[in-house]
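Undergrad: So the chains spell out like this:
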Amino acid sequence: MKCVLFLMIVLPAVATDVSTLERDLNEIARVATAMVDGDVCEHIVTDRALRYMSHPDPRDQYADGDNYDVDDDAFIRTKKTLIRLANLANYPVDANLWMPLRGDPRRIQVVIRNKYEMSQFWDWGKLSQAMVPEMKEVLQTGKALTVKQKPKFVSVLAPVRNSLGQIVGVVEVVGETTPDARENVK
Amino acid sequence: MNSRSSLLAGLFALAIQCSALELRALPEFFRPDPFGGIVESDRDGAGWLTAIKAKAARGAYVSFHLVAGGSGAGECALSIDFPLTTDVYREWFHLNTADRKYYPDALIPIRSPYRFQIPSSDNAIPGQTAQAFWIDFWVPASTEPKTYRGRARLSDGSGQRTIPIEISVLPAVVPERDPVTLDNNSYGTSWLIQQYPKALATVNESRRAEDELFRLIHEHHQLFYDHRGTFHQLGYGHAGKVGPEFAPELTGTGAEKHVRSWDRFDRHYGPLLDGSAFASSRRGPRPIPYVYLPVNPEWPASFLWWGEPGYQAEFTNVLSEMERHFREKGWTSTVFEVFFNQKKRYKGFQWDGDEVRFSRDNRYFVAYHDLVAKAIPADSPVHFRMRADTSWTMAHQFEELKGVVSFWVAGAGEFSWYADMLPQLKQRGDIVWNYGGTPTVEQVSSTITLNPLQSWITGVDGFVRWLTVNPGPDPWRHLNGGGETLIYPGERFGVEGPLASIRLKLQRNCLQDLALLDEEAKAGSRDRVREEVVRRFNNTKLAEWRNTRPETLPKSVLEWNNADLGDALKPFESRFSNLQPSAWLRVRDFALQETGSSK
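Those sequence lines, one after another, are chains A and B.
Following the working numbering, the numbering of the first sequence begins with 1 at its first residue and continues without gaps.
Following the working numbering, the numbering of the second sequence begins with 1001 at its first residue and continues without gaps.
I should point out that these hints are in silico values taken from the structure, not numbers from a laboratory.
Quantities reported herein were computed from a predicted structural model and do not represent experimental measurements.
A few of these clues could be false.
[Said to hold, decoys possible] Calculated from the model, a selection of chain B residues having no Cβ within reach of chain A, i.e. all distances over 12 Å:
#: 1; residue: Lys1146
#: 2; residue: Lys1347
#: 3; residue: Glu1491
[What the hints assert, rightly or not] Pairs of lysine-lysine, PhoX-like flavour, derived with a Cα cap of 25 Å:
#: 4; chain 1: B; residue 1: Lys1426; chain 2: B; residue 2: Lys1402
#: 5; chain 1: A; residue 1: Lys186; chain 2: B; residue 2: Lys1426
#: 6; chain 1: A; residue 1: Lys152; chain 2: B; residue 2: Lys1198
All C-beta atoms, glycine included, are put in the ideal place defined by N, C-alpha and C.
Work the whole structure out from these sequences, hints included.
TA: What follows is the structure, encoded as structure tokens:
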């Protein structure tokens, strides 16, 4: 079934304008909600890493980053799905996974990023950040949302559900009308 | 006012201007300020010179500050008359944000004679009364050993001041090769585009504009090379995005993946790897000794195929093509580094390539080593090495990744606990560097010599300053200490390339001396030479430069944090605090004295 879904979508070769980008990313986002396994996503960040993120060390501002860790298998499985989703476009698109910080719904963290390193929301280098209002809306309503905040960027936020039907995360499907090949190589 | 009184007033003004005119010199480690004084951190032992007199080995630079003083608004001229090649730079006084003080650091090349005004209109320092110049005398290796004399002259149309210059050139020649590779690290090229907005305005639009980017990259390599250093540019991000100039263009997927074009890669790297980029250097052309490859978990193989046959196919196809291309080009002098910089905290991949904290991540190094071994013929003349930058778990990694990683870049502080492992690492053919930061302008000038010296004393092969090309958004009037830069963009001054800093030149001069000292150490007793060097440097004994891991640290690395590490290292690091600005000048005296006696 998953293969059938992928085969049904053939996207045009080049995104030259916002409307094309918006249409393609919405299509990918729709598939993302179907394909990304929320139960697997919930196993990516380790409990130990979350403890460090939730309890900052007053003596060591880098303790949360130094102790950040993930479950390899859950990460790899989900990342591969995200790459497949991004590959539905034959121009640069990233599919990033975002999840609310367990135990602190006021915060959200990017959990998986991808190879073009695009995002409209990530504060570069931050392990977690204040809940993005648009993501909060998706988490609450379960409806995808298109965001065009940063010039040239389009993101479509798609809900990710677990087997209980709970919305546990958001996939940010993101593209740029004129991608900068050198940006974010740092 | 009648004509007589006008004449008297004019003469009076000239007299004031002339009497205020002053030309003095300072040894290189005493940095002047713009008010006729010396920056606070360098005042200990400082003394103004009314004559420049120095001994020098051949194949080396001799450096001084010249400081012109004057309170008049008239035009001054500085000229240097000296029989050896002389490079003259105007010192830019940066207003440092943290302490609101002025420090000279960026060096703007000028030609003698040079006309200027005090105060300087572009530096715009309220109350400026002095303009400083950095003087580099270049003594080629072929120079006849004898005493050379000349003078520096400052004039303002009404009078002049001169300083005699005398350099006694010794027979000794500074070896071309450095015992410690001083490396300067950077990431990508977007910083270049920010620093050179005019030159690189259309970099994405034409081949010609892109060649301008490559010219600038080559200029950066040359500047560091000219200062006895090397330059690294990491070409990919934490989630695997590769800058277009850092990798050949690929096409296909799975078994069909291969290199489509070497054009851009060769325009970038070709002149660096065959040495022709350095044709105009006084050191002569030489291929760069080290270079990062763009290899990362997402390049050349797509992470989509990780753990599947397609990953190996894509990886080995492209690595094999790289090896063949490099071999055919004759690029066999350079170490090509397979280096993983990603950290899982940046959410791109599930393992830390840089500074491994969780030992289970070591298995990925083993996996990639196996892939590299499959791609590269064992008898290839091209030098591929797996490099790992290590801190938390270095002692464990040295053991567990024996034969896998052969190029270690180890955090200098923690490495001091494990320096006794160095002989076994070197015995098995590994390259070992340390890494750390860059002293800021507020620190005493001689601090820039500490890392090179520590590296030489410890016996490691190199030292990396982790970032040396980031002067901040406005280094000219709001310098953020300069702890992430040793160079500045020259575009503001009409120089289409990077400007050296005083700290970079102090470091170069230190490296010259270390090369001389290493020759002496090889020829005689290494311990005797090192013992005397550290005595002169900071009145210590060689034994004090060795450290042991404190018992207070928890056994498990996962229980360590940065604060505990910092505390544990403090007693050791305190042995090297409170350096005197003249610390290295005393070492140099010894180096020249030793080479003078042995040659």
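Undergrad: To test your reading of the hints: which numbers does this structure violate?
TA: 2, 5
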